[in-house]
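Student: Those protein sequences? They're chains A and B, same order as listed.
The numbering used here numbers the first residue of the first sequence as 26 and each following residue consecutively.
The numbering used here numbers the first residue of the second sequence as 8 and each following residue consecutively.
Just so you know, these hints were derived from the structure itself, not from any lab.
Accuracy of the hints is not assured; some may be wrong.
What the hints assert, rightly or not - Using C-beta positions, here's what the derived DEER-type ranges look like: (1) A:Ser-104 / B:Ser-74: 41 to 49 Å; (2) B:Ile-67 / A:Gly-54: 44 to 52 Å; (3) A:Thr-37 / B:Asp-45: 19 to 27 Å; (4) A:Asn-47 / B:Gly-70: 31 to 39 Å; (5) B:Thr-84 / A:Gly-66: 30 to 38 Å; (6) B:Thr-84 / A:Ser-104: 18 to 26 Å; (7) B:Ser-87 / A:Leu-71: 48 to 56 Å; (8) B:Thr-27 / A:Gln-106: 36 to 44 Å; (9) A:Ala-52 / B:Asn-33: 41 to 49 Å; (10) B:Ile-67 / A:Thr-53: 30 to 38 Å; (11) B:Ile-67 / A:Leu-38: 29 to 37 Å; (12) B:Asp-61 / A:Leu-71: 40 to 48 Å; (13) A:Leu-71 / B:Pro-46: 21 to 29 Å; (14) A:Pro-35 / B:Gln-24: 30 to 38 Å.
To be verified - Residues of chain A clear of chain B, computed beta-carbon distances all greater than 12 Å: (15) Glu-33; (16) Lys-74; (17) Lys-81; (18) Glu-101; (19) Thr-124; (20) Val-133.
Glycine included, every Cβ here is placed at the ideal spot set by N, Cα and C.
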Amino acid sequence: GDSVTQMEGPVTLSEEAFLTINCTYTATGYPSLFWYVQYPGEGLQLLLKATKADDKGSNKGFEATYRKETTSFHLEKGSVQVSDSAVYFCALSFGNKLTFGTGTQLKVEL
Amino acid sequence: DGGITQSPKYLFRKEGQNVTLSCEQNLNHDAMYWYRQDPGQGLRLIYYSQIVNDFQKGDIAEGYSVSREKKESFPLTVTSAQKNPTAFYLCASSIGGQGRNEQFFGPGTRLTVL
Numbered sequence: 026g027d028s029v030t031q032m033e034g035p036v037t038l039s040e041e042a043f044l045t046i047n048c049t050y051t052a053t054g055y056p057s058l059f060w061y062v063q064y065p066g067e068g069l070q071l072l073l074k075a076t077k078a079d080d081k082g083s084n085k086g087f088e089a090t091y092r093k094e095t096t097s098f099h100l101e102k103g104s105v106q107v108s109d110s111a112v113y114f115c116a117l118s119f120g121n122k123l124t125f126g127t128g129t130q131l132k133v134e135l
Numbered sequence: 008d009g010g011i012t013q014s015p016k017y018l019f020r021k022e023g024q025n026v027t028l029s030c031e032q033n034l035n036h037d038a039m040y041w042y043r044q045d046p047g048q049g050l051r052l053i054y055y056s057q058i059v060n061d062f063q064k065g066d067i068a069e070g071y072s073v074s075r076e077k078k079e080s081f082p083l084t085v086t087s088a089q090k091n092p093t094a095f096y097l098c099a100s101s102i103g104g105q106g107r108n109e110q111f112f113g114p115g116t117r118l119t120v121l
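Bound conformation, chain A alone (with noise of 0.2 Å):
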């Protein structure tokens, strides 16, 4: 069946450092990938999106490009903020199914 693949946490960065965590996945036809993003307590928040391959998604400094020959969608930001501290949820939906990576969390510092 479908399934998503994510780097484990937690990632430690300093502030400003550049951010990049890895997401492969499986899927029998050609999916849409999602970046969603969870703080402390919350829900979950879609951060971005790529619907076909070679789409790039981006929101809020955050991309990631849909690479079908790599079966990924690696998140990245060029300059990471304490505000960004959260856990990170790669995900393919196909058909009216969505499917999660474990989430990887990441942590900030100043």
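Model the placement of chain B on the given structure of chain A, informed by the hints.
Tutor: This is chain B only, laid out in the frame that chain A set:
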């Protein structure tokens, strides 16, 4: 403001009791979903509904039940048959059930079985 509300935020239950978690949306979305979140396991789909009076089991439906009598509401009942109900429960909705549609999430309900 449009959005999804879940209540209560925290819920405590004794073993052997059924409990119902509320989920309401005013986004006029057709599809609604319930997920369970456990530490280190991401989110797992319990039930989903694409239209009023219709719903389907997700990956971990055993010990749970739902109803969809109104478009705005999708309550989840955690029954005594659920062996390990302590978890964080998230409700979501989307315009339709198609894959490319974004799902909007509520703030969650944390259920603890005493």
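Student: If a hint holds in the structure, say so; if it doesn't, say that too.
Tutor: Outcome of the hint check:
1. For A:Ser-104 and B:Ser-74, the hinted distance range of 41 to 49 Å is satisfied, since their beta carbons lie about 47 Å from each other.
2. In this structure the supplied range 44 to 52 Å is violated for B:Ile-67 paired with A:Gly-54, their Cβ-Cβ distance being about 23 Å.
3. Taking the beta carbon of each, A:Thr-37 and B:Asp-45 are about 23 Å apart, inside 19 to 27 Å as hinted.
4. The hint said 31 to 39 Å for the Cβ distance between A:Asn-47 and B:Gly-70, and at roughly 34 Å that hint holds.
5. Checked against the given bound of 30 to 38 Å, the beta carbons of B:Thr-84 and A:Gly-66, roughly 24 Å apart, lie outside it.
6. A hinted range of 18 to 26 Å for the beta carbons of B:Thr-84 and A:Ser-104 is inconsistent with their spacing of about 46 Å.
7. Take B:Ser-87 and A:Leu-71: their Cβ atoms lie about 35 Å apart, and the range 48 to 56 Å is violated.
8. For the pair B:Thr-27 and A:Gln-106, the beta carbons lie near 40 Å from each other, so the given range of 36 to 44 Å is met.
9. Checking the proposed 41 to 49 Å range against A:Ala-52 and B:Asn-33 shows it is violated: the Cβ atoms sit about 33 Å from each other.
10. Here the CB-CB span from B:Ile-67 to A:Thr-53 is close to 21 Å, at odds with the stated 30 to 38 Å.
11. The hint said 29 to 37 Å for the Cβ distance between B:Ile-67 and A:Leu-38, and at roughly 34 Å that hint holds.
12. Between B:Asp-61 and A:Leu-71 the Cβ separation comes to about 25 Å, which falls outside the hinted range of 40 to 48 Å.
13. The hinted window of 21 to 29 Å between A:Leu-71 and B:Pro-46 holds, with their beta carbons roughly 22 Å apart.
14. The given range of 30 to 38 Å is respected by A:Pro-35 and B:Gln-24, whose C-beta atoms sit roughly 36 Å from each other.
15. The beta carbon of A:Glu-33 sits about 9 Å from the closest Cβ of chain B, which is not more than 12 Å, so the claim that it is off the interface is violated.
16. Remark: the non-interface label on A:Lys-74 conflicts with the geometry, its nearest Cβ contact in chain B lying 7 Å away (cut-off 12 Å).
17. The beta carbon of A:Lys-81 is kept farther than 12 Å from every beta carbon of chain B, the shortest such distance being approximately 16 Å.
18. Every C-beta of chain B lies more than 12 Å from that of A:Glu-101, the closest at about 21 Å, which supports listing it as non-interface.
19. With a minimum CB-CB distance of about 8 Å to chain B, A:Thr-124 fails to clear the 12 Å threshold, and the non-interface call is violated.
20. For A:Val-133, the non-interface assignment is confirmed: its Cβ lies about 21 Å from the closest Cβ of chain B, beyond the 12 Å cut-off.
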